[in-house]
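Using the sequences and the hints, build the whole thing.
According to the working numbering, the sequence shown is numbered sequentially starting from 3.
Hints are not guaranteed to be accurate.
Here are the simulated distance ranges between beta carbons [stated by the list, open to error]:
{"#": "1", "residue 1": "Arg7", "residue 2": "Phe39", "range": "43 to 49 Å"}
{"#": "2", "residue 1": "Pro88", "residue 2": "His12", "range": "30 to 36 Å"}
{"#": "3", "residue 1": "Trp47", "residue 2": "His12", "range": "37 to 43 Å"}
{"#": "4", "residue 1": "Gly25", "residue 2": "Gln49", "range": "18 to 24 Å"}
{"#": "5", "residue 1": "Pro44", "residue 2": "Trp65", "range": "24 to 30 Å"}
{"#": "6", "residue 1": "Val48", "residue 2": "Leu19", "range": "28 to 34 Å"}
Keep in mind the hints are simulated off the structure, nothing from the lab.
Ideal Cβ placement from N, Cα and C applies to all residues, glycine included.
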Amino acid sequence: MTDSRDPLRHPELRYGLGCLVSGAALVGVIVLILVLFFVLSPPGWVQDVVGVLLAIGGAGFAWLVARSLGGAQTPRPGPGRRPRRPG
3 MTDSRDPLRH
13 PELRYGLGCL
23 VSGAALVGVI
33 VLILVLFFVL
43 SPPGWVQDVV
53 GVLLAIGGAG
63 FAWLVARSLG
73 GAQTPRPGPG
83 RRPRRPG
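Here you go:
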């Protein structure tokens, strides 16, 4: 009983919204980290590691939001479950 005109069924829209939400969250985190870096002045390698972690975390969060917007589409058999065979 899903509406075929549901806009969240399109992966382009789901991933686009995921990127927007992730970008907004990432801006807030970057502002907090910038303030912290100006106060503490950590070494360059720490700044590099934090930058890489922010990039990976932002991409992961965008994927997570896009997957959650997809909802339950097709149930897959979990571990230990076998699909039923007719007969």
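Each hint tested on the structure:
1. Distance hint check: the CB atoms of Arg7 and Phe39 are about 47 Å apart, consistent with the given range 43 to 49 Å.
2. Between Pro88 and His12 the C-beta distance comes to about 33 Å, which sits within the given range of 30 to 36 Å.
3. For the hinted restraint 37 to 43 Å between Trp47 and His12, the CB-CB distance of approximately 42 Å keeps it satisfied.
4. Restraint check, Gly25 to Gln49: a C-beta distance of roughly 21 Å satisfies the suggested window 18 to 24 Å.
5. Remark: the range hint 24 to 30 Å for Pro44 to Trp65 is upheld by a beta-carbon distance near 28 Å.
6. A beta carbon spacing of about 33 Å between Val48 and Leu19 agrees with the range 28 to 34 Å that was offered as a hint.
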